Every structure is written in structure tokens, then in C-alpha cells.
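Top to bottom, those sequences are chains A and B.
Under the numbering used here, the first residue of the first sequence carries the number 1, and numbering increases by one thereafter.
Under the numbering used here, the first residue of the second sequence carries the number 115, and numbering increases by one thereafter.
Simulated from the structure, these hints should not be mistaken for laboratory data.
Fair warning: this is a prediction, and the values are worked out from it, not measured in the lab.
Don't take each hint at face value.
[Unchecked claim] Calculated pairs, BS3-like style, for lysine-lysine (alpha carbon to alpha carbon, straight line, at most 27 Å): (1) A:LYS58 / B:LYS214; (2) B:LYS138 / B:LYS214; (3) A:LYS49 / A:LYS68; (4) B:LYS214 / A:LYS68; (5) B:LYS214 / A:LYS69; (6) A:LYS58 / A:LYS69; (7) A:LYS58 / A:LYS68; (8) B:LYS138 / B:LYS182; (9) B:LYS192 / B:LYS182; (10) B:LYS214 / A:LYS49; (11) B:LYS192 / B:LYS214; (12) B:LYS138 / A:LYS49; (13) B:LYS138 / B:LYS192; (14) A:LYS69 / A:LYS49.
[Claimed, not checked] Here are some chain B residues the structure puts well away from chain A; computed CB gaps all over 12 Å: (15) VAL126; (16) GLU197; (17) PRO198; (18) SER224; (19) LEU226.
Where is the CB? At the ideal position from N, CA and C, for every residue including glycine.
Chain by chain, the residues:
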Amino acid sequence: AQSVTQLGSHVSVSEGALVLLRCNYSSSVPPYLFWYVQYPNQGLQLLLKYTSAATLVKGINGFEAEFKKSETSFHLTKPSAHMSDAAEYFCAVSENTGRRALTFGSGTRLQVQP
Amino acid sequence: DAGVIQSPRHEVTEMGQEVTLRCKPISGHNSLFWYRQTMMRGLELLIYFNNNVPIDDSGMPEDRFSAKMPNASFSTLKIQPSEPRDSAVYFCASSLSGEKLFFGSGTQLSVL
Numbered sequence: 001a002q003s004v005t006q007l008g009s010h011v012s013v014s015e016g017a018l019v020l021l022r023c024n025y026s027s028s029v030p031p032y033l034f035w036y037v038q039y040p041n042q043g044l045q046l047l048l049k050y051t052s053a054a055t056l057v058k059g060i061n062g063f064e065a066e067f068k069k070s071e072t073s074f075h076l077t078k079p080s081a082h083m084s085d086a087a088e089y090f091c092a093v094s095e096n097t098g099r100r101a102l103t104f105g106s107g108t109r110l111q112v113q114p
Numbered sequence: 115d116a117g118v119i120q121s122p123r124h125e126v127t128e129m130g131q132e133v134t135l136r137c138k139p140i141s142g143h144n145s146l147f148w149y150r151q152t153m154m155r156g157l158e159l160l161i162y163f164n165n166n167v168p169i170d171d172s173g174m175p176e177d178r179f180s181a182k183m184p185n186a187s188f189s190t191l192k193i194q195p196s197e198p199r200d201s202a203v204y205f206c207a208s209s210l211s212g213e214k215l216f217f218g219s220g221t222q223l224s225v226l
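Hey, can you work out the whole structure from these sequences and the hints?
Listed below in C-alpha cells is the structure:
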């Protein structure tokens, strides 16, 4: 079975500061890993995905994530936070064996202080 | 493309009533997913279809829930009878080959 754990349900940073959202996964087979963002009253949007190519993945809006197999981690980072980054972020995993459904983490709400 | 379209956006109903949520996936997508989001349990996969066939319905809470996909452009999620604990936001998502999911805006269901 696959799962993801997001450490910290709420993260608050100042505008311009580094954003670091943590995600650890568990999967019995090589995983596909994703980060999605949800703005208020909207559905989720894909930020970036890892599918066994480069371990450092760049996504939209300046976000990137690094796949570290030894740490079973896929943390999301952004060098400089912007007010518009305030949202909820979800890490997700799927197995690259044909089962298409994603298993989502519990989410991390990012607040950006002026 | 208009994206994944869900209706209604909001549904308020009384306990015991039947509720039907609707979803139109993105044209050409071959996979469709129903998720439920609550504060307590986060995002839970209820069921997903591939080429209109249900592949995994292990997340459907109980027999009160049923989902259909009669064709590639339409799916329904039905709750009968509804209960207050079914109150949540229900999301439909579609994808081509499963790697990137496109989500609808969700249906906010309140069961009184």
C-alpha cells in the first residue's frame, strides 16, 4: 500500500522567505510523486510531478521538489514566498504499475505574512 | 476546453434524501475519479473509472453510495439515503493515462 505523510498542517512564512513543505512517502514499488495546490473554493491544480526521470523537479510558480529515495522524501521548496502562494498544498503518490489513482496527504496550509 | 465540470456547486438537503452529483470530464480523458474532502479525513478516493469501467471502488464508504459512468462524457455519484456525516466537498477529476489529474471545482454538500 502507498501513503504520504505531510509534516505540519500549517506553515507560516514571511513574504520573500524560503518556503519548505515536507512530504514523506511510503510505497512498495517505485512511486510517482506529485504536489498539488488548492486555492480557496477551487479544485486542486498540479504544481509538479516526479515520474522517475530527474530527481529535481521544477514546477509552476517557481516551486521545485527533490526526490530523495534514501530519505523517502519529496519536499516542496520555493526560494522566495509571494503573497499569492498562500493556499493549501497536497503531496500525493501513485504506483507506477498501472493503478492510476492518487493517494493524497493530509495537506499543509501555507500562510504568507507581509 | 472548459475543464472538468461539476454540478451543482452547492447542495443542501435533508437527511434521508437522495443526492446526485454530476461530473463532465475533459473530452478525450480516459480516467475519471471521485474524491471526497473533509477537515477530519482530508482527500479520500471514493472510486475511479478507466474507459468508463469502475476499476477501484474500495473507497466507497458503504452501500448508500453508488457511482456510474454511462459514457465517456458523464459520471454521477449518488447517495441514497443521505446522512449528516456525508457533508463534505466532493471532487471529480479526470486524466489521460493517469499522470496528471484535472480537478473540477467541487460540490459542497450539506446534509442537515
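Could you tell me which of the numbered hints above are not met by this structure, giving the numbers in increasing order? none
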